[in-house]
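S.K.: In the order they appear, the protein sequences are chains P and B.
First residue of the first sequence: 280, per my numbering; consecutive thereafter.
First residue of the second sequence: -18, per my numbering; consecutive thereafter.
Calculated from the structure, these hints are not laboratory results.
Misleading hints may appear alongside valid ones.
[As the list claims (entries may be wrong)] Derived contacts from chain B toward chain P, CB cut-off under 7 Å, selection only: (1) Gly248; (2) Ala423; (3) Asp441; (4) Gln584.
[Stated by the list, open to error] The calculated DSBU-like cross-link candidates involving lysine-lysine, where the alpha carbons are at most 35 Å apart (straight line), are: (5) Lys540/B with Lys333/P; (6) Lys565/P with Lys567/B; (7) Lys532/P with Lys565/P; (8) Lys136/B with Lys574/B; (9) Lys567/B with Lys309/P.
[Said to hold, decoys possible] Beta-carbon label-pair distances, calculated as ranges: (10) Asn314/P with Cys523/B: 43 to 49 Å; (11) Met546/P with Val455/B: 51 to 57 Å; (12) Ala473/B with Thr537/P: 19 to 25 Å.
Idealized CB from N, CA, C, for every residue including glycine.
For reference, the chains in residue letters:
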Amino acid sequence: MSLNPPLLVAQTVLLLLLAPLVTGFIKKGKARLQNRRGAPVWQTYLDLHKFLRKDMVISEHASWVFSLAPYVEFLTALSAGLLVPMVTAQAPMGLFGGVLALVGLLALGRFFLALGGLDPGSAFGGMGSSREMTIAAIAEPAMMLAIFTLAIPAGSTSLSQIVLASQEPGWKFLDPSHALAFIGMFIVLLAETGRVPVDNPATHLELTMIHEAMLLEYSGRYLALIEWGASIKQLVLMTLLANIFFPIGLAAKTTMATFGLGLLYLMGKLALLAIAVVLVETTNAKLRLFRVPDLLGAAFMLSLLALVSTFLFR
Amino acid sequence: MSLCGYAVGALGGLLFMRREKLAAAFSFGVAAISALCGLLGALLFLGGGAAAPSWQGELLPPLIPYIQLGVRLDGLGAFFLLVVSLLGCAISIYSLDYVKGFFGRRNVGVLGAFFNALLLVTTLTVVANGIWLFLIAWELMALTGYCLVSFEYEKSETRRAGVLFFVMSHIDAACIILGFLLLFQASGDYSFDSLRGVGAKMSAGKRDAAFVLFMLGFGIKAGVVPMHIWLPEAHPVAPSNVSAIMSSVLIKIGIYGLARVCFDFLGPPVWWWGVTVLVAGTVSAVLGVLYALMEHDLKRLLAYHSIENIGIILMGLGAALEFLYFKHPLLAALSLVAGMYHTINHASFKGLLFLGAGAVVQSTHTRNMEEMGGLAKRMPDTAFYFLIGAVAISALPPLNGFISEWLTYQALLRGFGATESLWRLVFPLSGAMLALTGALAAVCFVKAFGITFLAQPRSDAARNAREAAPSMRVGMLVLTAACVLLAFFPTAVVRLLDPLTQQLTGEHISGQLSLGDGLVLASLSEKAGTVSTVGMVLMGVCLLPIPFVLWLVLGRKAKTRLGPTWDCGQRGLTPKMEYTATGFSKPIRMIFKALFRPRRDTQREYDFSPYFATTVRFESHIEEVFVQRFYRPLRILIVRVSRRIRALQAGGVHAYLLYIFITLLLLLIFAL
Chain P
280 MSLNPPLLVA
290 QTVLLLLLAP
300 LVTGFIKKGK
310 ARLQNRRGAP
320 VWQTYLDLHK
330 FLRKDMVISE
340 HASWVFSLAP
350 YVEFLTALSA
360 GLLVPMVTAQ
370 APMGLFGGVL
380 ALVGLLALGR
390 FFLALGGLDP
400 GSAFGGMGSS
410 REMTIAAIAE
420 PAMMLAIFTL
430 AIPAGSTSLS
440 QIVLASQEPG
450 WKFLDPSHAL
460 AFIGMFIVLL
470 AETGRVPVDN
480 PATHLELTMI
490 HEAMLLEYSG
500 RYLALIEWGA
510 SIKQLVLMTL
520 LANIFFPIGL
530 AAKTTMATFG
540 LGLLYLMGKL
550 ALLAIAVVLV
560 ETTNAKLRLF
570 RVPDLLGAAF
580 MLSLLALVST
590 FLFR
Chain B
-18 MSLCGYAVGA
-8 LGGLLFMRRE
2 KLAAAFSFGV
12 AAISALCGLL
22 GALLFLGGGA
32 AAPSWQGELL
42 PPLIPYIQLG
52 VRLDGLGAFF
62 LLVVSLLGCA
72 ISIYSLDYVK
82 GFFGRRNVGV
92 LGAFFNALLL
102 VTTLTVVANG
112 IWLFLIAWEL
122 MALTGYCLVS
132 FEYEKSETRR
142 AGVLFFVMSH
152 IDAACIILGF
162 LLLFQASGDY
172 SFDSLRGVGA
182 KMSAGKRDAA
192 FVLFMLGFGI
202 KAGVVPMHIW
212 LPEAHPVAPS
222 NVSAIMSSVL
232 IKIGIYGLAR
242 VCFDFLGPPV
252 WWWGVTVLVA
262 GTVSAVLGVL
272 YALMEHDLKR
282 LLAYHSIENI
292 GIILMGLGAA
302 LEFLYFKHPL
312 LAALSLVAGM
322 YHTINHASFK
332 GLLFLGAGAV
342 VQSTHTRNME
352 EMGGLAKRMP
362 DTAFYFLIGA
372 VAISALPPLN
382 GFISEWLTYQ
392 ALLRGFGATE
402 SLWRLVFPLS
412 GAMLALTGAL
422 AAVCFVKAFG
432 ITFLAQPRSD
442 AARNAREAAP
452 SMRVGMLVLT
462 AACVLLAFFP
472 TAVVRLLDPL
482 TQQLTGEHIS
492 GQLSLGDGLV
502 LASLSEKAGT
512 VSTVGMVLMG
522 VCLLPIPFVL
532 WLVLGRKAKT
542 RLGPTWDCGQ
552 RGLTPKMEYT
562 ATGFSKPIRM
572 IFKALFRPRR
582 DTQREYDFSP
592 YFATTVRFES
602 HIEEVFVQRF
612 YRPLRILIVR
622 VSRRIRALQA
632 GGVHAYLLYI
642 FITLLLLLIF
652 AL
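Just chain P, same shape as in the assembly (with noise of 0.2 Å):
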């Protein structure tokens, strides 16, 4: 396993620039499912844009740890996307972890940030602090039995050769197992982007807030920094979905045109993906906080499922 210069800078920017796309795709999606006609779906740049050039206003209260927390939230969640295989089934920095660092880069910046929504002594960064680092703890044991029902298979943690592994013949598109590890993943997904039967990603300033409530203190380019890693979360996670569940075209070999085709590919289940998101955020309603346990001990439940059918059924 070598390092892949070209690779590594291709995916750096494609993690940076592919993820406010994502997340203006699935806003637009979901105003057209309102009938409304709904901002761009590039409205994301402008407003990191527009982020980065204001001026910044930081509490008083605060001390370094506030200031240290965007640096840390934006810098983990683009190291942890250059450990997921995105085109190509080798991830440029695969040497440096597999799945388990790439859930402990996430957890670091989740920690930080839970941090930086306390320190200017709000009681709403409080609460959003203490209910995403809850949420966050009781979704970790689905996330890693799914994680294991791929992993122990392949014999490996790291997300290059479990992609390579299930690329092999003998694997199932429809093994119960996958398929119910994939729901149970994607229950999380939902809970860790802070989507909305869990967290409502549109609401300021209400009660029922998660994820916004820890953010309210930070402005300019600390917030344009936490909304940027905040999407680019996101877009590692769907990556690591589309690509572990469906590794379909991933590109063995790195040429313009396997990359080229990878991309592709890559855009089409994201899309996908996405569209999946929209219907559940639109179909839902948002669930009461002391709720979330259940549906998260459902995914929980569907995921030990999967692990026990794979010993059932091989």
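Dock chain B against the given chain P, drawing on the hints supplied.
M.R.: Relative to chain P, chain B alone:
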């Protein structure tokens, strides 16, 4: 050599009892130097590689027949010696200034003497090469531990905790003595050399009995759920340097004992041993962190986290036992490395966190987190060290907790493929619970760090807090450096563990675990998964310029100013409006309601409508389910039985003579 040092330190402490400044400097200074000697000795031994000869000697000439006081250093002992010495060194440095807080109030010489004595007997426990020395050191450890816990004896809470610690220590000693008697019966000799692999000579029932006794005995010492109840009582009430040594080192001796007995003495394991240890570990980990989340006493919170981490260590040990049963020595070595790596990791970050908590408690005079806040501005260094410890204990990359949990995951994942039986589901389930534990630990440390160090101070004491004294900061710095080194050079640590795995499983695996000049840690092979903390940090550093370049291009004119936190248009935020520690963990308390059974009590006084209350009193209380369901009934039973037995001891000499006579008679009949 370090043994003599501790002895001198202890004596010196007593000698200079009346001159406290000298006593403090002398006893803790000597302790630090002797710990450093121990550290170097252990490193030299372990660095010698798998072929390192074990060092052996007699402590005292055999004064009494049968009682041999031999000491011997082998892979396992040397590794624990490393842990003890590393922590001993850092905490002794910290104590130099820390004990100044006791000047004029307390006899610092006694504290220093007991501190040295504790380090001395702990060191003796891990190098003992015979039942006698081991048990003597073990008992002395409990005794000095008791004296240190009860140091601030005028508080009733402290006395209660001290007695509980003492009682539990004796139950564990009793179990261990019984276990060793069973082993002795088979070997006929007191030295550890004769006990090696003695399990093969014993009958199955006796081996199982010995395992259960040792599991109970060492489990109490290590604080395994449900034998943990003494731990969250005893650790917080001791002076903070003692809490640190107890939480990071003393409970590890339980792990040492378990590893020594299970891998070295009892021979090839039976299938349910590994499962028992694994399940006990998983339960301890999850319950430990859940109870930790409910605490708002900073030191009690840390004490519960010790239970959690002991659980994680036991997961590695249990998996190793199970792999030995499946005849996979290579995987057993991997699991053992995971468990032992977590042992030294937990020692370093828990020591660090307790030292940080000690600094905070000393400058705010409270252990209650609800009265802290804003300390990151007032104690920036302590805050930084505590944050490093918090990230490490939450198993977040790139720090050391992540590395050992990564290894544990690898071991558990391999477990699924190691056997065909249904029991293999235990491994991934433990893995999922490990994930839950890690995530909950992150919640808990966002709370612990956030409420203690961030936002506005919640009390005058916190507002007037001062940065810790220099030697305290140096002590914390040493452990911070240890955390970072343990995180960035995992392959070097794994190499130090080679003698240990060689001794206990017959495999040394450091070669298979390291890749790319030792900067990348692999899970036995490159294909099975790799991780590199140095790589992750490098990646972060390389990506760091991206936001700065964007600002240079776009946001050159943007300014930054300070302003008040958004207060919804009211007039100013007060610290009372901040989120509290209890509030922070409320969602968890609600989700796991069935386990916690919180008792709530709300009283309102109002004039005309309940919505306009004049005073509101709210009380919430959580009692541990084990205390409620098991220990309280047990205590009541013991008291009741004791009352009945009291009738026997009426005080009359005649009655006692009669008892002696009856006993003699019974013995004679029994002998015939």
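S.K.: Does each hint hold? Answer for all of them.
M.R.: Evaluation of the provided hints:
Of the supplied interface hints, the one on Gly248/B is violated, with its beta-carbon coming no nearer than about 31 Å to a beta-carbon of chain P, more than 7 Å. Checking Ala423/B against chain P by beta carbon gives a least distance of about 5 Å; that is within 7 Å, so the hint holds. Restraint check, Asp441/B versus chain P: the minimum CB separation of about 17 Å is more than 7 Å; hint violated. Hint on Gln584/B is violated. Least Cβ distance to chain P is approximately 24 Å, over the 7 Å limit.
Simply put, Lys540/B and Lys333/P have alpha-carbon atoms about 8 Å apart, close enough for the 35 Å limit, and the pair holds. A threshold of 35 Å between alpha carbons decides the hint, and for Lys565/P with Lys567/B the separation of about 20 Å falls inside it, so the pair holds. Of the supplied pair hints, the one linking Lys532/P and Lys565/P is violated, its CA atoms being roughly 43 Å apart against a limit of 35 Å. At roughly 32 Å between alpha-carbon atoms, Lys136/B and Lys574/B fall within 35 Å of each other, so this suggested pair holds.
Of the supplied pair hints, the one linking Lys567/B and Lys309/P holds, its CA atoms being roughly 33 Å apart against a limit of 35 Å. The hinted window of 43 to 49 Å between Asn314/P and Cys523/B holds, with their beta carbons roughly 46 Å apart. One distance hint, 51 to 57 Å for the beta-carbon pair Met546/P and Val455/B, holds here, with the actual separation near 55 Å. Against the hinted window of 19 to 25 Å, the Cβ-Cβ separation of Ala473/B and Thr537/P comes to about 40 Å, which falls outside the hint.
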